[in-house]
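Visitor: The lines below spell out each chain.
2 protein chains.
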Amino acid sequence: MEPTTQEYVERVRALLEAGDSDALAAFLAEVHPADIADVAQELDGEEQVAVLKLLDTERAAEVLTEIDRHSGQALLQLLTARDVVSLLGEMPSDDAADFMSTLPPETTERVEALMPEAEREQLQELMEFDEESAGGIMAVEYVAVPEAATIRDAIHMARDRADDIEDLQKIFVVDGTGVLVGDLGVLDLIVNSRSLPVSEVMNRNVLSVPVDMDQEEVAMLFGKYDVLTLPVIDALGRLVGRITVDDIIDVMEEEASEDIAYIAGTSEEELGEPSVFKVSRTRLPWLITGLVGQICAALVMSRHEASLRTYVVLAFFVPLIVGTAGAIGIQAAVVVVREIALGQIDIKRMGRRLMKELQVAALNGMALGVVLFFIVLAWLHEPGLGLLLWSSLMIVIFVAAFIGASVPLLFQRWRIDPAIATGPFIAVVNDVIGLTIYLSMARAYLSRLL
Amino acid sequence: MEPTTQEYVERVRALLEAGDSDALAAFLAEVHPADIADVAQELDGEEQVAVLKLLDTERAAEVLTEIDRHSGQALLQLLTARDVVSLLGEMPSDDAADFMSTLPPETTERVEALMPEAEREQLQELMEFDEESAGGIMAVEYVAVPEAATIRDAIHMARDRADDIEDLQKIFVVDGTGVLVGDLGVLDLIVNSRSLPVSEVMNRNVLSVPVDMDQEEVAMLFGKYDVLTLPVIDALGRLVGRITVDDIIDVMEEEASEDIAYIAGTSEEELGEPSVFKVSRTRLPWLITGLVGQICAALVMSRHEASLRTYVVLAFFVPLIVGTAGAIGIQAAVVVVREIALGQIDIKRMGRRLMKELQVAALNGMALGVVLFFIVLAWLHEPGLGLLLWSSLMIVIFVAAFIGASVPLLFQRWRIDPAIATGPFIAVVNDVIGLTIYLSMARAYLSRLL
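Protein chains in written order, with the working numbering: chain A, 40 to 489; chain B, 40 to 489.
FYI, nobody ran anything at the bench for these hints, they're computed from the structure.
Please note: incorrect hints may appear among the correct ones.
Identical copies go unnamed one by one, so any copy, or any two together, can satisfy a pair.
No farther apart than 27 Å at their CA atoms in a straight line, the calculated lysine-lysine pairs in the BS3-like style are these [said to hold, decoys possible]: (1) K395 - K317; (2) K263 - K395; (3) K387 - K92; (4) K92 - K317.
Bear in mind the structure is a predicted one, so any value in this text is a computation, not a measurement.
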């Protein structure tokens, strides 16, 4: 098997300490840039620079785009503006724009001053798009030929750009005004006679995405149509860029991290964040929201102080009621949000989806209620309390499922990210409502009893 | 913009009812198979068959692979074994194997009896691999040339298979025993002279994955190395298949769904499942686990009955203690699990990662404790109770963070899926432990007071 990152790191450190640049350069030449980036993440800033200087600019640029933003901070401080400009020149435009956006503002200014004008303008244009839109993830390196071109012309264009575009998939065909009218695969260049015009070979039913489409939607289209690359068009239908599926993999990881972070009550940004203070600051607002909600739960309980005093056993089941309400709510919310994310929910049929969730809740409420009834009977020998718990648990479960499923559906309709509805906010709402139901039913039960 | 699925469905239904097969066939010819699949999911079995019969076999096969398993059940009942055989013949081998595995056993037998022997053997071999391994997701359609071949030979091979392999990326080069020794891109076929031997052009540092590698690891390699296709090799290094990035997108969706389902206490399998009973059955075991845990919480509370009787205010803050313990535990667990999934945690440095989590817990425990202290002071004017809550909340948070972060790390070391540790089981453990800490501290506090 391949050596592990740790083995690479030890090797690189040993060669750095021995000061044997030639041996280190020879060693690094055999390692994939993505692996060098993994190694670099374990090194300090000085060591990172020493490693980068031993690579040719193209490979150094690849390493730089792979290092994550947290580990690259020290390195950025040590690079001169001139270094950055030459590295940017070797990056695909989408990576270059991403990289620029991680630079501190004063470096950005110095870098822009040193850049060739055409390159600078291109980058600035790219950086103006919303980071999470098709424009924000597209590259401007693509091969486009006019309709009148022949296969031979297209081959020449593809050859010219072979160095620039690592994984060329599609040749795009545009009309006189730059509007995208078709595409052909690289294989079409080989299979067809060189004298044929591209317009006879091209696929006219070409899929494309508008430049302002959200990246999550773009990712869904890649998944649905199983394509490796999609052209990006402006409002007039003109070709402006191209998105490849390897960028979509990053988008999908990011979106999944975002959705998962919402459930936990934190933000995707804390992943890999080394600063304890930043992590704490990211999580605290969610925790404080929860705390305030739980104070409301304490208020609800204080309003039922009399019941709790006369019949302290009621308190024993408070964790069960709030715990189950929370669990039911999160099941409903998370499943609905995931189905929305996978495009499995037709938003026009929200009612049907909600109904399914309520039916599941009715079944599970019944099942859990029975189990609870018999446990309480065996433990406390009080069938009345058992029935109270059974019935209140069923109602609590029903309401928690309703809230858990309907809030994300409503958010989706109101165009708020439904993933927010999976977080601690919904959990605490369910706690408070569940508690109110349970204690109100308990009060009614006690008033009959006494 | 493109018409919505609903608009397509209405159009198709109208044409089906009018019995106008020609118009429907003409309409369907313009629609992408993935969109036809979306439409088919809204139709009943009879209508699905009527639509499929109007497509040519190749497109019908594409539609069939895109229909999800839940919506395709009725359709499968209506297709003859002969239909299935001809559809399978048009599918890429990986899709064909997946499709076969969804058939009921008796259909499988009839289909296998009708299949050409070579095709059947190939499929059976593919189906023997673990569904979640490289072998389980690879296709056996690839272009491999011997080392001695020229670029011209490779072009001929590629042309021959152009129909079979939609998005040909790489030509693989193998030695006399079938061992993978290199690869070249389709563009290399165009850029180089046709008389050159492939061995002079090929990349010798070819990345590959072993046939038994877990699909999640394969997905990670695609993400790391930004490749569009990877060859699959057996234990002897012989080329046996190829994985393309569009299959990886499905893997990533599946793995993200799995991880998210664990957090919610359910299974990825329920997504899109129309049967209320199956959904209920999927979720119930997790809920029962939670219920049993909450009964333990009730037992803990019953052991502190005396404290609760003398000082009922203690009960008011039970939801706060268990709610916060749960929230802190899930934050720690989910973040650690996600970092493991993204390959951001070096398992050798588990101690360091755990320490970070405890530092965050100390900060957040302090912050939440202060807030709680002042709220309690303002509400109940009891500084003693405020201090009790502050101190016990801090300890509860610290312990919950320790459990939340350490259990997934241990699971990872023991090679158990760490995602399991994000579920309701950990939440309920934290509830019970948190409650025990809180009530024990309260008892000590009361004994001093009285």
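Visitor: Hints first: check each against the structure and report whether it holds.
Guide: A quick look at each hint next to the structure:
Taking CA atoms no more than 27 Å apart as the test, K395 paired with K317 passes between copies only; the shortest distance there is 11 Å, against 41 Å inside one copy. Taking identical chains as interchangeable, the C-alpha atoms of K263 and K395 lie at most 27 Å apart only when both belong to the same chain, with a minimum of 26 Å there against 40 Å between chains. When the C-alpha separation of K387 and K92 is checked against a cutoff of 27 Å, the pair qualifies neither within a copy, at 57 Å, nor between copies, at 29 Å. Within a single copy, K92 and K317 get their C-alpha atoms no closer than 32 Å, and across copies no closer than 59 Å, so neither meets the 27 Å cut-off.
In terms of the numbered hints stated before, the structure departs from hints 3 and 4, listed from lowest to highest.
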